[in-house]
Amino acid sequence: MAKLLPLTQRVLIDAEALQACVRTLATRIRAEYRTSVPEEEIPLSVVIAMNGAFRLGADLVGQLDPNTWPDGAGPRFRTQISTVRSSSYRGTSAGPMTLLSDSPEQLRQLFEDRHVLLVDDILDTGRTLAELRKLVLAYRPRSLRVCVLLEKEGRNETGVRADYVGFRVHRDLFVVGYGLDYDGLYRELNSIRAVGALPQDGRPLVEGVLGALPTGDSHDR
1 MAKLLPLTQR VLIDAEALQA CVRTLATRIR AEYRTSVPEE EIPLSVVIAM
51 NGAFRLGADL VGQLDPNTWP DGAGPRFRTQ ISTVRSSSYR GTSAGPMTLL
101 SDSPEQLRQL FEDRHVLLVD DILDTGRTLA ELRKLVLAYR PRSLRVCVLL
151 EKEGRNETGV RADYVGFRVH RDLFVVGYGL DYDGLYRELN SIRAVGALPQ
201 DGRPLVEGVL GALPTGDSHD R
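Mapping the sequence shown onto our numbering, position 175 (from 1) lands on 175, and the numbers just tick up by one.
By construction, these hints were calculated from the structure, which means they are not laboratory data. Treat the hints with caution; some may be incorrect.
[Stated by the list, open to error] Label pairs and their in silico Cβ distance ranges:
hint: 1; residue 1: 62; residue 2: 34; range: 44 to 52 Å
hint: 2; residue 1: 15; residue 2: 41; range: 32 to 40 Å
hint: 3; residue 1: 10; residue 2: 37; range: 39 to 47 Å
hint: 4; residue 1: 40; residue 2: 207; range: 46 to 54 Å
hint: 5; residue 1: 157; residue 2: 105; range: 28 to 36 Å
hint: 6; residue 1: 197; residue 2: 82; range: 36 to 44 Å
hint: 7; residue 1: 125; residue 2: 82; range: 17 to 25 Å
hint: 8; residue 1: 23; residue 2: 204; range: 16 to 24 Å
hint: 9; residue 1: 23; residue 2: 106; range: 18 to 26 Å
hint: 10; residue 1: 36; residue 2: 5; range: 41 to 49 Å
hint: 11; residue 1: 10; residue 2: 184; range: 20 to 28 Å
hint: 12; residue 1: 80; residue 2: 19; range: 21 to 29 Å
hint: 13; residue 1: 66; residue 2: 112; range: 20 to 28 Å
For each residue, glycine too, the CB sits at the ideal point set by N, CA and C.
Make the full structure from the sequences, and use the hints.
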């Protein structure tokens, strides 16, 4: 059995910053639907990419509940929630991707003539999101938006873009926590940390995109 890479002690994004990020993402999502969709009640399908995005998805859906909005303003969603599973990593290396989802009839009911929000943990090469987008668009949704917690710099091979991004991380980091894993480990961490050696090029390890800046030690020093 291969020796596991060590978990770094440095917290890249702490729990408080993660929750602030989720609130900011939800605010942006509500505002965009409010201005772009004229319907009083919006049929929204939230599709969570498992297992990595299960914590982000749960927290984000909770923030879309109008009872959580300070001003009570915003669209009212008629929300359906589903999950898809893709497998493309073993340890820290990418491998063949397998997409597991519902039956065609269940997918039609979930996507056809509905607004769809895809929620994923990290945009790395973009292959997973490209496959998910292809799957959803085949069922002719009213709209399709993508929300990711993290985006790796300079790794996208597909040109697929996320509409909502929480943080950008160094291209050579392998991060874990808040749902992200390393060989099935560390999903339970309430913060984002790294496994293996940290990059030594002096570039930021983590940058906040939506103003929810990490309060961990985000630069290599």
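Any hints this thing doesn't respect? Which numbers, in order? 1, 4, 9
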